[in-house]
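Participant: Order-wise, the sequence lines are chains A and B.
First residue of the first sequence? That's 1 in my numbering, and the numbers climb one at a time after it.
First residue of the second sequence? That's 1 in my numbering, and the numbers climb one at a time after it.
Derived from the structure by calculation, the hints contain no laboratory data.
There's no promise every hint is true.
[Unchecked claim] Residues from chain A shown here face chain B by an in silico Cβ test under 10 Å; the list is partial:
{"#": "1", "residue": "Ala67"}
{"#": "2", "residue": "Ser150"}
{"#": "3", "residue": "Arg235"}
{"#": "4", "residue": "Gly239"}
{"#": "5", "residue": "Gly287"}
Ideal Cβ positions, reconstructed from N, Cα and C, are used throughout, including at glycine.
Number of protein chains: 2
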Amino acid sequence: VSKRLVAIASVMTGLWISTGARALADESCSAATAAGLMQSAMLDQHSFDLVSGLSTEVGERLAGTGAAVNARNWAINELARAGIEHIHAEPFTLTAWLRGAETAEIVGRTIQKLAVTALGGSVATPPTGIEAEVALFRTYAELIAAPEGSLAGKIAVVTQRMVRAEDGGGYRAANAIRRRGPSEAAKRGAVAYLLRSLGTDNHRLPHTGALNYDDKAPRIPAAALANPDADQLERLAAGGPMRLKLVLTPTERPNAEGWNVAGEIPGSEKPDEIVLIGAHLDSWDLGTGATDDGAGVGIVMAAAKLIAALPRHPRRTLRVVLFGAEEMNYSGPAYTAAHHDEAPHIALAAEADFGARRVYAVQVPAGVLKSDFARRAGEALAPGGAFIDYRPATGSGDDVAGLQDLGVPVASLRQNGLDYFDTHHTADDTLDKIDPAELAQATGAWTAFVYLAADCDVDFRAVASKSGE
Amino acid sequence: VSKRLVAIASVMTGLWISTGARALADESCSAATAAGLMQSAMLDQHSFDLVSGLSTEVGERLAGTGAAVNARNWAINELARAGIEHIHAEPFTLTAWLRGAETAEIVGRTIQKLAVTALGGSVATPPTGIEAEVALFRTYAELIAAPEGSLAGKIAVVTQRMVRAEDGGGYRAANAIRRRGPSEAAKRGAVAYLLRSLGTDNHRLPHTGALNYDDKAPRIPAAALANPDADQLERLAAGGPMRLKLVLTPTERPNAEGWNVAGEIPGSEKPDEIVLIGAHLDSWDLGTGATDDGAGVGIVMAAAKLIAALPRHPRRTLRVVLFGAEEMNYSGPAYTAAHHDEAPHIALAAEADFGARRVYAVQVPAGVLKSDFARRAGEALAPGGAFIDYRPATGSGDDVAGLQDLGVPVASLRQNGLDYFDTHHTADDTLDKIDPAELAQATGAWTAFVYLAADCDVDFRAVASKSGE
Numbered sequence: 001v002s003k004r005l006v007a008i009a010s011v012m013t014g015l016w017i018s019t020g021a022r023a024l025a026d027e028s029c030s031a032a033t034a035a036g037l038m039q040s041a042m043l044d045q046h047s048f049d050l051v052s053g054l055s056t057e058v059g060e061r062l063a064g065t066g067a068a069v070n071a072r073n074w075a076i077n078e079l080a081r082a083g084i085e086h087i088h089a090e091p092f093t094l095t096a097w098l099r100g101a102e103t104a105e106i107v108g109r110t111i112q113k114l115a116v117t118a119l120g121g122s123v124a125t126p127p128t129g130i131e132a133e134v135a136l137f138r139t140y141a142e143l144i145a146a147p148e149g150s151l152a153g154k155i156a157v158v159t160q161r162m163v164r165a166e167d168g169g170g171y172r173a174a175n176a177i178r179r180r181g182p183s184e185a186a187k188r189g190a191v192a193y194l195l196r197s198l199g200t201d202n203h204r205l206p207h208t209g210a211l212n213y214d215d216k217a218p219r220i221p222a223a224a225l226a227n228p229d230a231d232q233l234e235r236l237a238a239g240g241p242m243r244l245k246l247v248l249t250p251t252e253r254p255n256a257e258g259w260n261v262a263g264e265i266p267g268s269e270k271p272d273e274i275v276l277i278g279a280h281l282d283s284w285d286l287g288t289g290a291t292d293d294g295a296g297v298g299i300v301m302a303a304a305k306l307i308a309a310l311p312r313h314p315r316r317t318l319r320v321v322l323f324g325a326e327e328m329n330y331s332g333p334a335y336t337a338a339h340h341d342e343a344p345h346i347a348l349a350a351e352a353d354f355g356a357r358r359v360y361a362v363q364v365p366a367g368v369l370k371s372d373f374a375r376r377a378g379e380a381l382a383p384g385g386a387f388i389d390y391r392p393a394t395g396s397g398d399d400v401a402g403l404q405d406l407g408v409p410v411a412s413l414r415q416n417g418l419d420y421f422d423t424h425h426t427a428d429d430t431l432d433k434i435d436p437a438e439l440a441q442a443t444g445a446w447t448a449f450v451y452l453a454a455d456c457d458v459d460f461r462a463v464a465s466k467s468g469e
Numbered sequence: 001v002s003k004r005l006v007a008i009a010s011v012m013t014g015l016w017i018s019t020g021a022r023a024l025a026d027e028s029c030s031a032a033t034a035a036g037l038m039q040s041a042m043l044d045q046h047s048f049d050l051v052s053g054l055s056t057e058v059g060e061r062l063a064g065t066g067a068a069v070n071a072r073n074w075a076i077n078e079l080a081r082a083g084i085e086h087i088h089a090e091p092f093t094l095t096a097w098l099r100g101a102e103t104a105e106i107v108g109r110t111i112q113k114l115a116v117t118a119l120g121g122s123v124a125t126p127p128t129g130i131e132a133e134v135a136l137f138r139t140y141a142e143l144i145a146a147p148e149g150s151l152a153g154k155i156a157v158v159t160q161r162m163v164r165a166e167d168g169g170g171y172r173a174a175n176a177i178r179r180r181g182p183s184e185a186a187k188r189g190a191v192a193y194l195l196r197s198l199g200t201d202n203h204r205l206p207h208t209g210a211l212n213y214d215d216k217a218p219r220i221p222a223a224a225l226a227n228p229d230a231d232q233l234e235r236l237a238a239g240g241p242m243r244l245k246l247v248l249t250p251t252e253r254p255n256a257e258g259w260n261v262a263g264e265i266p267g268s269e270k271p272d273e274i275v276l277i278g279a280h281l282d283s284w285d286l287g288t289g290a291t292d293d294g295a296g297v298g299i300v301m302a303a304a305k306l307i308a309a310l311p312r313h314p315r316r317t318l319r320v321v322l323f324g325a326e327e328m329n330y331s332g333p334a335y336t337a338a339h340h341d342e343a344p345h346i347a348l349a350a351e352a353d354f355g356a357r358r359v360y361a362v363q364v365p366a367g368v369l370k371s372d373f374a375r376r377a378g379e380a381l382a383p384g385g386a387f388i389d390y391r392p393a394t395g396s397g398d399d400v401a402g403l404q405d406l407g408v409p410v411a412s413l414r415q416n417g418l419d420y421f422d423t424h425h426t427a428d429d430t431l432d433k434i435d436p437a438e439l440a441q442a443t444g445a446w447t448a449f450v451y452l453a454a455d456c457d458v459d460f461r462a463v464a465s466k467s468g469e
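Next up, chain A with everything else stripped away, as it sits in the complex:
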């Protein structure tokens, strides 16, 4: 992959030299400038250096902890080095959830340790744990079909496996198993809940992630099993009843502080129109947050740096927002609340939060699918190996979902996510999982697209034409 990407970048250099430099000063919405930016990103690999710095010097950075302060300071410093202006941190409060001990073991006819990790937001077990018989369901639908009271005193275990797919659709399809499963099990009497990790790997590294308790059900402790451990429980359950002991001792700290860090490249002609690009600074605590979301942070900061270095700023203001608490969903609502009145001025928003692999498609708002803008963006992205999707964007990351609800148009840069859920939310989310050349291609696609979005005369709120495809 790397060699091919470098070859692509080299080919693009020709285009840049012949037309790019000349075009820069005067032509706006320039395909040549977009192509030149993409090529620059693919050659300099600055985004990888940023991920490396964040995931090495700061490491994990769970929202509400001291590490999150380090991440905030790192971001402010790097934005300044990138030539970004109006840099500031916007504070908000959150309830920090802090992992404790987490162990599980099969007890009885065989004693075996299981690899588990608490779900974000889970309540604790008693310090000595919960020991109970297992009620194992191979699908979530089987759990939902269980009658009320049928799980009384039991530990419910759902071993349904999420499906691997390039666009990550398998995660969304399985998400309720993690988010809603604990309360669904509790409604049926369960005293604790385990699910097979929402992950596509087969390693003994369970995948954490937030749950959402239902106010109508008791809050029971909940954790994810590593995939091989879910397999083991399925095999053992076939041999008869089985008991588990589960210990989870997470704690919560209310009124902790978080920050959304932001900066701008003021627009040269329409500074009051904003193109907002974001990623999230926080990470789960198990790994070092390299792909989730160090990669996104690297992408948007490197894109902004390249655009800031252009001889002329794009016509619209480009705003970079590094969200401080995406994983437990505090930063998006905080940003939306603080910028509610500004929403009509945000021309477009996009969040990079899907790992470090190449961008293969860009989804734009429905109204501009057939516009000159889309055609030009498609031409700029093609040499780097991406296209404008025929389907419009329907979302672009949890942190901008609130803005979207306020009518802000969004774009979605689709990255290859076939292996994203191998390491997502696990201890294995570390720098070695990132191919610098793929990350550079993704950065190039972002840079080219964002430049055009900020510099072209395009209304992303335009109403979609109903005429044929």
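Fit chain B to the supplied structure of chain A, relying on the hints for placement.
Facilitator: Same frame as chain A, but now just chain B:
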């Protein structure tokens, strides 16, 4: 792979039907019988069922623990079901080494947890741990070159990476880093020792394994870092001095009991000549010992079962030995001591202890390289995708090394080990890592070869011919 192997087995069925059944009763050293056995193993996949049973019902089975008793009982039961005779357990004593807590973290300018696991045999740190400055060496040679006293008060860290190779040669080449490194560091003043895991993966699952303390050096605590954590230390070390805190609390239990479980298929003509095949029942405690060495156990037990079911037993006695404490090297010496006087009667010995992938080559003793036996074995193995190597066997597993020292010839069935060290000695050594079709092929190669070794009139002690290749 699976489909191709099944296709091979189907082709072989023809050979078996046309000649195998007829040959069985009278012809000894029959290529057709060997081919038929190989085909049977490839179709029935019994070895996979055995690994599944052992790794699921018993799970991890560290020598000297209650789980090892379960493993012994499981083995006796399964040998009986396989039609093996003279089944018995030969006890020996060992010092059980039991893992305790194991944590490591970077302290100072950044606080980060590291994934570590104690080396087998390591002494403990104080319960509150050891905190000290790091002396990082990117190669073992750099550690060896460090002057005496130069590591006083420090934690020595060696981050050399082992090399991936089909025959596992990279493990042997790096083995001293784990086995000898702790004492070499201690001789230079170090208070603790960490190495990059001897493993070819990039997961946060460190690889354990035994160390060998040198009597001339203080015994210092020693652990392995997961590969991504070794990378992280290398990057951080480039930024200046760094301190680590290490907690390891393993304990030892002397005079624990272990067992080598053995059984036989008495020879039909020369029962006092023994072909010994083995594997080891014990495993490290982190995973469930599926590839190390549940796979070997499945291979040799399934091979013995098929051979026991022949209408006529092979001429020599086939002995199966399931060694009870290979990982800390107690079972081989115990077996050698107990069977010292029998060594001249052991015609050939071979241990299966290199995972669950296909056998691609068989190495025989030097003296029979150009024999009719080797030619016939080569013909039998070829349809299943294996050949007789032009290089003689130089060893065949740690448990038979002592017999080899007493002059017992050995054979080595070479399996593809390209990914063996991805999971070896880690929590990730679980059943899902095994491809049943590849394991069945390996079992087939073992069965065919072992049948010929036991039924052919061949002297494995023959002196090698010096005439040209």
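Participant: Does each hint hold? Answer for all of them.
Facilitator: Hints versus structure:
1. Ala67: holds, 7 Å
2. Ser150: violated, 27 Å
3. Arg235: holds, 5 Å
4. Gly239: At 7 Å from the nearest chain B Cβ, glycine 239/A passes the 10 Å test, so the hint holds.
5. Gly287: holds, 7 Å
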